[in-house]
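Q: Reminder that position 279 of the sequence shown reads as 278 in numbering that gives the first Met the number 0, one-by-one numbering, no gaps.
What you were told as hints is all true, and nothing was included just to trick you.
Cut-off 30 Å, straight-line C-alpha distance, at most; resulting in silico cross-link-like pairs (BS3-like, lysine-lysine):
1) Lys29 to Lys311
2) Lys195 to Lys278
3) Lys250 to Lys32
4) Lys250 to Lys278
Honestly, the hints are just simulated from the structure, not real lab data.
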Amino acid sequence: MPPRNIYLVGSVPLASTAQVFETVSAAFGKRIKQIPDGEVGDRSDWITHLEVLFREHPDFEPSAEIFAVHAHSVSRRRFRLRPGKRAADVHFGNLGYADCAGRSYRTFRQLRDVGTILDGVRFQVDLVPAHSVLWLFVAEDEQLALDPAYNGALKRELKRIVETIPHQDLAIQFDLASAVFARLERALPTPYGRTKQEMTDRFASIVADLCHEVPTDIPLLLHFCYGDANHRHAVEPSDMGDMVRMADALKHRITRPMDLIHMPVPRNRSDDAYFAPLKQLRLRPGTELCLGLVHYTDGIDGTIRRMQTALKCVSDFAVATECGFGRRDPATIPELLRIHVAASDFA
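The task is simple: from the sequences and hints, build the whole structure.
A: Laid out in structure tokens, this is it:
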């Protein structure tokens, strides 16, 4: 059996984009189909650097709401629209994704030209939809109304990216993170729906709309996540049921190819009950399942335990961690990459 594919979600806490490309390419070779730029620098903590978009936006002011993803994460004061401002009139300018992608792609191309990155490996760009950004930074009751304005800006970023980077070199990832799956797990009313089914339908429709902006000759990657702030989930998933249902909802809404869906596996879940919903997963032909079951803290032994349980439900899957590496000690990265390779070799 050939090695399983390896997938990287996004961030890699190394000193530079070039070091990320060099390190990942040397470790994984043909096992990886696309490589992100590592989201180095101020992007290493996912979307926290985007707070400035609201802090300096003339239509927003600080609100009374203090929000934390969970009890051990950083608390932030959310923003809300100033009196007299309407969500329909809000405009977001440059989000920075296209600028960063352009710079990183130049490095990617240079390293590919000298053989450091193998021919055929794509440059992966990770984009975060409005519902995650607004969950962190905007008052709860204004999030849904502002969703179209922010996603409009995200579409403009995507348009610039696909117009400047050759399609044969590019892959696009969208994140469906804890703003989605923590709400589904809790099943409490939110601006995005009163019930779990309503929220699933709403989020799937929003994400499908974004996915249809990606040209069909560019691989589309979907990363599901329960959060990783201070290495803790926003909420612990009961099992993989919400992710399987979301994958099904997306399958019925996205008309273009879906090339990969990534689903996380907590470190302490090697039990049959967690993986059981995978037996109901019906992906389209051509959609690769990736399981985020690689964990540094219990190494290859724990990773194999989770793989053995997963294999009772599905036989073909790529391997990854639950989330990006961005908040890890850089000294742990070489060993973490070695665990990926060992997992890739496990049949």
